[in-house]
Structure formats: C-alpha cells, structure tokens
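S.K.: What follows is each chain in one-letter form.
Number of protein chains: 2
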Amino acid sequence: MKMLINVAETVVADALRGFASAHPELTVDVEHRVIVRRGAPYEGKVGLVSGGGSGHEPLHGGFVGRGMLDAACPGEVFTSPVPDQMVRAAAAVDSGAGVLFVVKNYTGDVLNFDMAAELAEDEGVQIAKVLVNDDVAVTDSLYTAGRRGTGATLFVEKIAGAAAEEGAPLDRVASIARQVNENSRSFGVALSACSTPAKGSPTFDLPGGELELGVGIHGEPGRERRPMMTSGEIADAAVDAVATDLNPDGPVIALVNGMGATPLLELYGFNAEVQRALTERQIPVLRTLVGNYVTSLDMAGCSVTICQVDEDLLRLWDAPVATPALRWGC
Amino acid sequence: MKMLINVAETVVADALRGFASAHPELTVDVEHRVIVRRGAPYEGKVGLVSGGGSGHEPLHGGFVGRGMLDAACPGEVFTSPVPDQMVRAAAAVDSGAGVLFVVKNYTGDVLNFDMAAELAEDEGVQIAKVLVNDDVAVTDSLYTAGRRGTGATLFVEKIAGAAAEEGAPLDRVASIARQVNENSRSFGVALSACSTPAKGSPTFDLPGGELELGVGIHGEPGRERRPMMTSGEIADAAVDAVATDLNPDGPVIALVNGMGATPLLELYGFNAEVQRALTERQIPVLRTLVGNYVTSLDMAGCSVTICQVDEDLLRLWDAPVATPALRWGC
Numbered sequence: 000m001k002m003l004i005n006v007a008e009t010v011v012a013d014a015l016r017g018f019a020s021a022h023p024e025l026t027v028d029v030e031h032r033v034i035v036r037r038g039a040p041y042e043g044k045v046g047l048v049s050g051g052g053s054g055h056e057p058l059h060g061g062f063v064g065r066g067m068l069d070a071a072c073p074g075e076v077f078t079s080p081v082p083d084q085m086v087r088a089a090a091a092v093d094s095g096a097g098v099l100f101v102v103k104n105y106t107g108d109v110l111n112f113d114m115a116a117e118l119a120e121d122e123g124v125q126i127a128k129v130l131v132n133d134d135v136a137v138t139d140s141l142y143t144a145g146r147r148g149t150g151a152t153l154f155v156e157k158i159a160g161a162a163a164e165e166g167a168p169l170d171r172v173a174s175i176a177r178q179v180n181e182n183s184r185s186f187g188v189a190l191s192a193c194s195t196p197a198k199g200s201p202t203f204d205l206p207g208g209e210l211e212l213g214v215g216i217h218g219e220p221g222r223e224r225r226p227m228m229t230s231g232e233i234a235d236a237a238v239d240a241v242a243t244d245l246n247p248d249g250p251v252i253a254l255v256n257g258m259g260a261t262p263l264l265e266l267y268g269f270n271a272e273v274q275r276a277l278t279e280r281q282i283p284v285l286r287t288l289v290g291n292y293v294t295s296l297d298m299a300g301c302s303v304t305i306c307q308v309d310e311d312l313l314r315l316w317d318a319p320v321a322t323p324a325l326r327w328g329c
Numbered sequence: 000m001k002m003l004i005n006v007a008e009t010v011v012a013d014a015l016r017g018f019a020s021a022h023p024e025l026t027v028d029v030e031h032r033v034i035v036r037r038g039a040p041y042e043g044k045v046g047l048v049s050g051g052g053s054g055h056e057p058l059h060g061g062f063v064g065r066g067m068l069d070a071a072c073p074g075e076v077f078t079s080p081v082p083d084q085m086v087r088a089a090a091a092v093d094s095g096a097g098v099l100f101v102v103k104n105y106t107g108d109v110l111n112f113d114m115a116a117e118l119a120e121d122e123g124v125q126i127a128k129v130l131v132n133d134d135v136a137v138t139d140s141l142y143t144a145g146r147r148g149t150g151a152t153l154f155v156e157k158i159a160g161a162a163a164e165e166g167a168p169l170d171r172v173a174s175i176a177r178q179v180n181e182n183s184r185s186f187g188v189a190l191s192a193c194s195t196p197a198k199g200s201p202t203f204d205l206p207g208g209e210l211e212l213g214v215g216i217h218g219e220p221g222r223e224r225r226p227m228m229t230s231g232e233i234a235d236a237a238v239d240a241v242a243t244d245l246n247p248d249g250p251v252i253a254l255v256n257g258m259g260a261t262p263l264l265e266l267y268g269f270n271a272e273v274q275r276a277l278t279e280r281q282i283p284v285l286r287t288l289v290g291n292y293v294t295s296l297d298m299a300g301c302s303v304t305i306c307q308v309d310e311d312l313l314r315l316w317d318a319p320v321a322t323p324a325l326r327w328g329c
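Here the protein sequences come in this chain order: A and B. At position 105 of the first sequence the residue is numbered 104 (numbering that gives the first Met the number 0), and the sequence of numbers has no breaks. At position 45 of the second sequence the residue is numbered 44 (numbering that gives the first Met the number 0), and the sequence of numbers has no breaks.
By construction, these hints were calculated from the structure, which means they are not laboratory data. Worth double-checking, as some hints may not be accurate.
Treat identical chains as interchangeable: a pair holds within one or across any two.
Here are the simulated lysine to any residue pairs, SDA-like style, with alpha carbons at most 25 Å apart [as the list claims (entries may be wrong)]:
id: 1; residue 1: K1; residue 2: S200
id: 2; residue 1: K198; residue 2: E24
id: 3; residue 1: K198; residue 2: R177
id: 4; residue 1: K1; residue 2: G207
id: 5; residue 1: K128; residue 2: L118
id: 6; residue 1: K128; residue 2: A236
id: 7; residue 1: K128; residue 2: R171
id: 8; residue 1: K198; residue 2: T78
The whole structure should be built from the sequences, with the hints applied where relevant.
M.R.: Rendered as structure tokens:
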C-alpha cells in the first residue's frame, strides 16, 4: 500500500508538526502530543478534553477551538493516547470550573482516561466523563466491551462544547453530553479495508464485490458481509439500523460521514438516499452534515449518525463554532 | 471498483439532490444544474460564476457563498458543463454590475464558457473572464492547450470573491483574479489512479510501487513515473517545480491539497515537509490550507499550490468567507 509518509514510526509526530503550521491559532505541543485552544484556560469556563487513536482525522484535533473542544490528545494510529497526555491537557484547560473528558468506548481509551481522571483529580482538577457508545452494529467488538463510539462523538463535542462556551457548570455540561450520546445512534459500512502505516497492508480482507455492513472505525467486523449494494440499499440498511435502535419520537440532526477514501461526490449522492430513507420512516431531519469527519485512514465507505434533538440541543448545535474542521456563526 | 452510487448515469443529479438537502442556505436547481448563493443577485455587486466537470468536489459548488462564488455549474464527471448552465447562472447573479467567469484551462470548459459569454452578453449581462492555468507540470495535455488549471482556482475564487464582496467593479475584480492566477503555481502527484463511475475502473494504469509526478486532476499524464518516494522527497519535487517556475520574490500562501483518497493524517504530515521545503528555499509562508479541496474522485495523492501575495491580496484572502467548504471570519 503506497502512503504519503516518510516512515511509519514518525507518522503521528509528522502530522502534528504539519497541523501546527497550518493552524497557528492553536497551541500544539508536538513533544507531548497535546493540541490546546489558544488562550485556554478561559476563566470560569468548563474545559472539554477528548482524544483517541490517530487515523480518524479531523477527529479530535480538528475539533479544538471556540465552542467545541479545549484540547485533544492524539494517540498512535488506532491506539489510545496515554494518561500523561490527558492529564497535561486537563491542566492546560482547567480554569477551576472543571474538565469534561469525552471518551469513545474502546477498552484502551476507557482505561487510560479513567487513570488520567484519577491523576488529574489528585492535582486538584475536577473531572467528569462521558462515554460515547453510539454504534449499533455490534455489542462487544475487537477493542470494545459494549457498543463502540463513533460518529456521535462529533455531536457530543459540538453540543456539550457549546454549553460550556455559554458558561454552563460541569455537571450540566456532562449531563448534556450524556443526553446527546443517549439520543444518538450510528452505523458504518466499508467498501474497502484501511491500511495502517505500521502494517502497510489492509487490516482486513474484503473481497472484490463485497461490502461490510456495520464495520467499526478501525475495520472491526460488523454484522455481515454482503454482495455489493446500491447507494439506496446501503442507506436503507444504515437508516434501518439506527432508526430501529433509537426509535426517535421527534426530529433529528444527521451526520452523513465518509470513512476517508470515498469521494465527496458519492457522499452527497448517498446523502440524498439517507434523506429519502429517513423521510420514508417519518423522521424529520433538521440539520445535516456531509463530509469526512470521523474517518478510518484510507477506508472507502460511510457511516450514518442521527441524534434526536429538542429545542435546546438544536440551539446548542447551531451555536457558533470555530475549529479547523467545523466552523460556523463566527 | 466498488462505488457508493446507484447507477453511473445519475451520479451528478443524485449528488446535487444530496447537496441541496445538506445546504438549504444555497439555491440548487437540480434540473438545470446550477448552484446559486441565496439572495443573489446582490445589488451593485459583481457576480462570480465558475464551474467545471464534477468529480473535483468541493470545487466548485462547495465554494458558493458569501465572499466567494455567487454560482457554480457542475458538469458531468470530468466533463465541462454546457453553456446553458453558465448563461442561467450569469442571469441569476447579475445585478447589473456584471459577472466574472472563472474558467479552468481545459478545452471543453474554455469553449463552453466562451459561448456562454457571448450568449449572456446578448442578453445584456456584461461578462469578464479569467483563465486559470497554474499547473506547471506540463504544457499541453490530454484535455488542454497550454497549462492545466488546478489548485489556483481556489485562490482565484476566494480572493476575487472577496474583492467583489467589497464592491470592486468588474474590471477590478477581473484584474485581481488574473493577478492571483499569474502569481500561482501548482504541481500534483498521484499515488493511485482514479475511477470514474462511467468507466468503473481506474482511468490509467499506475503500477504498484510507482507514483506519477505532475499528474493532472483527471489523471492526465504528468512529467514522469518514479519508484515510490517518501513524503519529504515528494514535497521537494513539488516545491521545486512550483518555486522554480514562479520564482517568488516575496511571501506566499500555500494550499496542500489532497486528491481525495489520501488520509488527512498523511496530508498533515506532508504539509510539514512542504513547509520545510519552502523554508529551505527562503520562501516565507503566510497562510496554509491543508485538506481535500480540488480532488480527483478516489485518487490517492496530493498537490501543492503557492500564490505570491502582497498586502492587498493577503487582506482579501483573510476576508470573511462563508461557503460549505471554506468558511472563516463570519
């Protein structure tokens, strides 16, 4: 597999250096692998910290900025960051109002954020945590006990980030984050496997003419292999999966996400089918985001995330945000 | 090649429907294939219209909005839009102050925009044109007499768009657009070929372990095939090509662009090498944009574009912009 890299060992450090020069509005500690919103900590404001394995960009570093994350900790590719990164991030963004850790449900991330929470609290930082586990495809997976955390992470970080920006206290920011997670469901589909720099070849074997329904963002197995389907059939399968599980009784916001290598032209076409499938199931869609936001390196494919929103969650979604990858209203 | 589509024949129409539902802030005429900024025409404002073959998203539809394009006309995949689309777009955005056509230098686009200019002028719309031809890799190519137009299109649309937003008259907007094009150079590299929906298989043959230096955004041949190179070597080759040709005597802004299937993690790492290569050549970089902006469907690879800027061009680059794919300051 050809890659635009020097050597596998320096991929994350190289990316952080390149990220730093493209985004002088953020503070990037390349050595310790922490990306911090410039000016943090903001007085009286709850800090939001997330992180996870690299390879899912723009998640999480691309979501640092006004109205979203205060800091992000990138791990090695598909590998949890270490507690030291999270503790540094928490210290850098805590104004005394406390810090919310946004944790995707993978065993390594959960353990490391738990340890970091203890260490940070020992240093006097009040910590709350939200576990994101929105992927309905499977319970228990290669790296997860319970459901995996995927696309809803963006909704949690954006909406809880807006609440923190407004000055909500830690318990309120945390309860909004949990509410967003509880209201969200995701389902992913792979048309091709991804290749990590360390392995240099596809992480799983997906025969020509087949797709994987319910794939995880590291290429973890999904629900089933099927002969290739049309965009409309894939949309029906994904929307069925999330709508059946969430069973929303009100409107939703939707993320139609690319896994990394699927052209935007195809993603927009897929969105037309997702909107049709949601409309047929009488699920009103108030906002839709289409693009590559929670990726799996060079995997071709897509995922659908819906989040049921009330007026308050919608207002927080619409609130100004200024990050490298998500930006509106300011 | 597996694709997230229904059938090849409806790919562009499907994408436009999906684009419309994701971007209610724009007016999308799916039947006639014109994307227009809502509220256009704006009184006294010069209109900016661009367009080209689909498959390069977010170019051009993703650049419609405040401070950039007033309208975009998507053609079939890798095929020029037709004059009727351009005439409709011009009529939709002309306030009486005239319209600038931003035309990438491909034979079909040039002919069709020329014909559209005549037709629009017959209808009383004053038209100016700028031809974008920034790609230094080759002169004359599969679809082009002279140099191809690639990454500089983004710079032209952004900077001339800002001038139009400020109320500059048509001749001034056109001369700024031409200045940006003259100050810009691009060079692209393919690690893999792209596959069009109609063909369903790679448009050219790139053996494993080789890359194509100087590739065009439709997979047109470049300067040479080489055994796979490191990110640093590729950055040196691309920066050498653009810097030698432009020979800037002042600072530049840079676009480090993904062709579509290269992970953002790799693009950021590549940016670190591009910055190093520019610094070694004593070329100061004032702003850098990293991401998938001028793509070639599912091609893996990258391109580098630099544009020498003076204070006025930099101010226009920094001016507020609010489009689906480029947004800051508002």
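S.K.: If a hint holds in the structure, say so; if it does not, say that too.
M.R.: Quick rundown of the hints versus the structure:
no., hint, verdict
1, K1 - S200, "both (9 Å within a copy, 19 Å between copies)"
2, K198 - E24, "neither (34 Å within a copy, 43 Å between copies)"
3, K198 - R177, "neither (36 Å within a copy, 46 Å between copies)"
4, K1 - G207, "both (19 Å within a copy, 8 Å between copies)"
5, K128 - L118, "within (14 Å within a copy, 62 Å between copies)"
6, K128 - A236, "neither (32 Å within a copy, 47 Å between copies)"
7, K128 - R171, "within (12 Å within a copy, 55 Å between copies)"
8, K198 - T78, "within (13 Å within a copy, 38 Å between copies)"
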